[in-house]
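Residue numbers (the numbering used here): 1 to 107.
Derived by calculation from the structure, the hints in this document are not laboratory data.
Even glycine gets a Cβ: it sits at the ideal position worked out from N, Cα and C.
Each hint should be verified, as a subset may be incorrect.
Label-pair distances were calculated between CB atoms; the ranges are [unchecked claim]:
1. 97 / 70: 16 to 22 angstroms
2. 29 / 8: 27 to 33 angstroms
3. 59 / 28: 51 to 57 angstroms
4. 54 / 30: 49 to 55 angstroms
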Amino acid sequence: MSLLINAVPDLLSAIGAAAVIALASAAWRRLSSRRAPASATLDESRTLRRYTLLRTSAPDGAPEQYETTRPTGTVITHRVDGLPQRFELTDVPLGDGTFAAEPFDHL
Numbered sequence: 001m002s003l004l005i006n007a008v009p010d011l012l013s014a015i016g017a018a019a020v021i022a023l024a025s026a027a028w029r030r031l032s033s034r035r036a037p038a039s040a041t042l043d044e045s046r047t048l049r050r051y052t053l054l055r056t057s058a059p060d061g062a063p064e065q066y067e068t069t070r071p072t073g074t075v076i077t078h079r080v081d082g083l084p085q086r087f088e089l090t091d092v093p094l095g096d097g098t099f100a101a102e103p104f105d106h107l
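Sequences are here, hints too, so could you generate the full structure?
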């Protein structure tokens, strides 16, 4: 019985140390996760992406493409058949390695 009583303080200190480490780790993860989206947004905004303008065709019959470093959700204006059309940049990848730019104005 005295062996058990002598082990209790050591056990409690080990549990307390584990709790402090767990709390510090959780705080670090939470702070890191708050900073990650901001840096991801910066990295995304600096990345050159190629977009396929849906419902368009170049003189050779292929869909027109547009390159930009603007973030997804941006609305751009591009001339199609001599007329300005607006497209919204998306993060939807297409099979050819480009991203979809959906027509913003529905004619």
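Hint-by-hint comparison with the structure:
Range check, residue 97 to residue 70: about 18 angstroms between beta-carbon atoms, so the 16 to 22 angstroms window is met. Roughly 32 angstroms separates the CB atoms of residue 29 and residue 8, a value that falls within the hinted 27 to 33 angstroms. Take residue 59 and residue 28: their Cβ atoms lie about 56 angstroms apart, and the range 51 to 57 angstroms holds. A beta carbon spacing of about 40 angstroms between residue 54 and residue 30 contradicts the range 49 to 55 angstroms that was offered as a hint.
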